[in-house]
Amino acid sequence: MDAFFDVLLAVLGGAIRVGTPFLFVSLGECLTEKSGRINLGLEGVLVFSAMAGFGGAYLSGSPWLGVLAAGCSGALLALIHGLVCSLPRVNDIAMGIALMLLGAGLAFYLGKPLIQPQAPQIPSIALGGFSASGAVQAALKINALFPIGVLLAVAMGWAFANTRWGLLVRMAGDSADAARALGNSVNGIRIAATTAGGFIAGLGGASLSLHYPGSWNEGLSSGQGLIAVALVIFARWSPVRCLGAALLFGGAGALGPALQGVGVSGYYHLFNAVPYALTLAILVSTCSPKRSIRGAPLELGVSR
Amino acid sequence: MNRQPWHDAAEAVLLPLLALAGALLMFGLWVSLGGHDPVQACTLLFTGAFGDAFSWQNTLQRSAPLMLTALCVALPARAGLTIIGGEGALVLGGLACAGLPYVVHLPGNGVGMSILLLAAALAGAAWIALAGALRQYRGVNETISSLLLGYIAIALFKHVVEGPMRDPASLNKPSTLPLDEALRIGSIGSWDVHWGLAFGVVLCLASALWLGRSTHGFATRVVGGNARAARLVGLPAHRLIVTACALGGAAAGLAGGIEVAAVHTAANASLIAGLGYAGILVSFVARHNPLAVIPVAILFGGFGAAGSLLQRRMGLPDASVQVLLGFAFVLILAGEALRGRLLPFPFLAMRPLLRAKPA
Numbered sequence: 001m002d003a004f005f006d007v008l009l010a011v012l013g014g015a016i017r018v019g020t021p022f023l024f025v026s027l028g029e030c031l032t033e034k035s036g037r038i039n040l041g042l043e044g045v046l047v048f049s050a051m052a053g054f055g056g057a058y059l060s061g062s063p064w065l066g067v068l069a070a071g072c073s074g075a076l077l078a079l080i081h082g083l084v085c086s087l088p089r090v091n092d093i094a095m096g097i098a099l100m101l102l103g104a105g106l107a108f109y110l111g112k113p114l115i116q117p118q119a120p121q122i123p124s125i126a127l128g129g130f131s132a133s134g135a136v137q138a139a140l141k142i143n144a145l146f147p148i149g150v151l152l153a154v155a156m157g158w159a160f161a162n163t164r165w166g167l168l169v170r171m172a173g174d175s176a177d178a179a180r181a182l183g184n185s186v187n188g189i190r191i192a193a194t195t196a197g198g199f200i201a202g203l204g205g206a207s208l209s210l211h212y213p214g215s216w217n218e219g220l221s222s223g224q225g226l227i228a229v230a231l232v233i234f235a236r237w238s239p240v241r242c243l244g245a246a247l248l249f250g251g252a253g254a255l256g257p258a259l260q261g262v263g264v265s266g267y268y269h270l271f272n273a274v275p276y277a278l279t280l281a282i283l284v285s286t287c288s289p290k291r292s293i294r295g296a297p298l299e300l301g302v303s304r
Numbered sequence: 001m002n003r004q005p006w007h008d009a010a011e012a013v014l015l016p017l018l019a020l021a022g023a024l025l026m027f028g029l030w031v032s033l034g035g036h037d038p039v040q041a042c043t044l045l046f047t048g049a050f051g052d053a054f055s056w057q058n059t060l061q062r063s064a065p066l067m068l069t070a071l072c073v074a075l076p077a078r079a080g081l082t083i084i085g086g087e088g089a090l091v092l093g094g095l096a097c098a099g100l101p102y103v104v105h106l107p108g109n110g111v112g113m114s115i116l117l118l119a120a121a122l123a124g125a126a127w128i129a130l131a132g133a134l135r136q137y138r139g140v141n142e143t144i145s146s147l148l149l150g151y152i153a154i155a156l157f158k159h160v161v162e163g164p165m166r167d168p169a170s171l172n173k174p175s176t177l178p179l180d181e182a183l184r185i186g187s188i189g190s191w192d193v194h195w196g197l198a199f200g201v202v203l204c205l206a207s208a209l210w211l212g213r214s215t216h217g218f219a220t221r222v223v224g225g226n227a228r229a230a231r232l233v234g235l236p237a238h239r240l241i242v243t244a245c246a247l248g249g250a251a252a253g254l255a256g257g258i259e260v261a262a263v264h265t266a267a268n269a270s271l272i273a274g275l276g277y278a279g280i281l282v283s284f285v286a287r288h289n290p291l292a293v294i295p296v297a298i299l300f301g302g303f304g305a306a307g308s309l310l311q312r313r314m315g316l317p318d319a320s321v322q323v324l325l326g327f328a329f330v331l332i333l334a335g336e337a338l339r340g341r342l343l344p345f346p347f348l349a350m351r352p353l354l355r356a357k358p359a
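Top line first, the protein sequences correspond to chains A and B. Once you know that position 264 of the first sequence is 264 in my numbering, the rest is easy, because the numbers rise by one and skip nothing. Once you know that position 222 of the second sequence is 222 in my numbering, the rest is easy, because the numbers rise by one and skip nothing.
Because the hints were derived from the structure by calculation, they are not lab data. For clarity, every value in this text was computed on a predicted model and none was experimentally measured. Think of the CB as a built atom: it goes at the ideal place given N, C-alpha and C, for glycine as much as any other residue. A portion of the hints provided could be inaccurate.
Far from chain B, some chain A residues (derived; all Cβ distances over 10 Å) [unchecked claim]:
(1) Ala3
(2) Val90
(3) Leu102
(4) Leu106
(5) Ala155
(6) Thr163
(7) Asp174
(8) Ser175
(9) Ala192
(10) Ser222
(11) Ile227
The calculated SDA-like cross-link candidates involving lysine to any residue, where the alpha carbons are at most 20 Å apart (straight line), are [to be verified]:
(12) A:Lys290 to B:Leu343
(13) A:Lys290 to B:Leu235
(14) A:Lys290 to B:Asn226
(15) B:Lys173 to A:Lys290
(16) A:Lys290 to B:Lys158
(17) B:Lys158 to A:Tyr268
(18) A:Lys112 to B:Trp30
(19) A:Lys112 to B:His238
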């Protein structure tokens, strides 16, 4: 029973720890997809910005400058995606695959000297003060970026419904013709949304390299950027639901290490595959060949 | 502008070449930013790939699996699907090849070897066909599902190799039991290139024949071109698409089986080397044309072979080739925008491009 409680606690703590990068990447992807484009390259953005964030924090000595560097480098890479996809006849899914390769390549190339050193970390917020148990306190030490992500999710949800910018993004995503008829540049909106989405995803990269696991190496991201695409589908393109989905996936990702912590180690790799299997199961159960998914931006290739 | 029929063909060759040249240029710029000599880097890329007999053999050896994993993208693409999970089919193929001797005793001759490779192909085919079937019958986006299936396959592979099928003698690097000598794939004559290359070339040729000369292949291309029109004329779109996925998956599975039977002799982590992902790039550069896959795979196999030379001679990080490939991929895709506009007047061609409406 004790072991069960330990696992539960580790999964809860892990849901926030592992889920924070998921949250940022899925918010970035959500913004991009709302404007009618899909960015599979956020995987590359995540790796590249994790490297840039780590490098920025290492060189400047301040974790928050590192976070800024991560966001800006993510925006830069996403800007390339936005620009190239605006050319006629460029497939955004193929371009995403290319960006995945390019982002990882650039990150590994530039990040070679960063594998050894230690960078200043993003501080933790201790929420477990009420409990005397060390395990509870350890589990409730949360990433300072997490509350920012929660606020961002709520703000994005509000902005999509209530601000001119939010409505513009949604219009570009739901009907390019309508946006054009109203005199807006569809490509301009999409490039802006993709770039901003890259910035948000870059914060997720900073969370990877500057908080948990908290170092830079080439195996840092294992498909979080791609899972985010499925996660946005699961959240049916609502930023607030992205928050719940990210926590769910964080918890699933924390299951393997948590079980290993109590001595169940034979199935380590299989438990690590739980988020992927979960994503697939969600896609199979929510998709249908007869209609597009509820809530999907109508211009989006993935939902047609 | 009066467009001649040969303009299309010339563009099909010219555009990828221009993109590759642009990628080399950007790569040169990139390494010179780091204080390295760009000319030396580009020269080393080609001497390391095609400079002498040794590098040619290394290049061809590396290009064999790339041809097969590229088919895993190209064949579904001709049926209209973007499959990027070739890596998963490859590792499962390798696992099937290494795992079959655990279950049945195989004769130590050509028959046994064929059974092994068949098992590898079947494993890969089932995996990619699943992604195709999910898309056709459940509406799940095949790009995402194939990639997720790939991650699941790699987890399964690691679990089995480090757990139930682990050879107790493999201490530092968990592996399955090595394949029997008689079941391994040897070299072609006196070359240091294994027979996998022949499999790659023959399967690319066979795929081109299938797509270009057979009714079934033609029907597949019709489905890929316009699925609704295909249904209107009564083509079984679901079956054709799933078949194309299965054929592509079989090629990637075979690649895994050949890597195990000819190179690694057992299934272990060396198999997970990104060959499936490199195949995506090869297929896109070849515009999903199986005949073009052969030279493109050789070129990219060559870049892979030259990577270690760049590392040794110039002290460049081992990811430099990946940077080059990333530039190449982006430029190849961006080059699509010039299709139909490059010829016959390249200078006038820029104007409609700038005015163009998005598709």
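Structure-based check of each hint:
| no. | hint | result |
| --- | --- | --- |
| 1 | Ala3 | 22 Å, holds |
| 2 | Val90 | 5 Å, violated |
| 3 | Leu102 | 3 Å, violated |
| 4 | Leu106 | 6 Å, violated |
| 5 | Ala155 | 27 Å, holds |
| 6 | Thr163 | 25 Å, holds |
| 7 | Asp174 | 15 Å, holds |
| 8 | Ser175 | 13 Å, holds |
| 9 | Ala192 | 15 Å, holds |
| 10 | Ser222 | 8 Å, violated |
| 11 | Ile227 | 8 Å, violated |
| 12 | A:Lys290 to B:Leu343 | 42 Å, violated |
| 13 | A:Lys290 to B:Leu235 | 19 Å, holds |
| 14 | A:Lys290 to B:Asn226 | 17 Å, holds |
| 15 | B:Lys173 to A:Lys290 | 48 Å, violated |
| 16 | A:Lys290 to B:Lys158 | 37 Å, violated |
| 17 | B:Lys158 to A:Tyr268 | 9 Å, holds |
| 18 | A:Lys112 to B:Trp30 | 15 Å, holds |
| 19 | A:Lys112 to B:His238 | 47 Å, violated |
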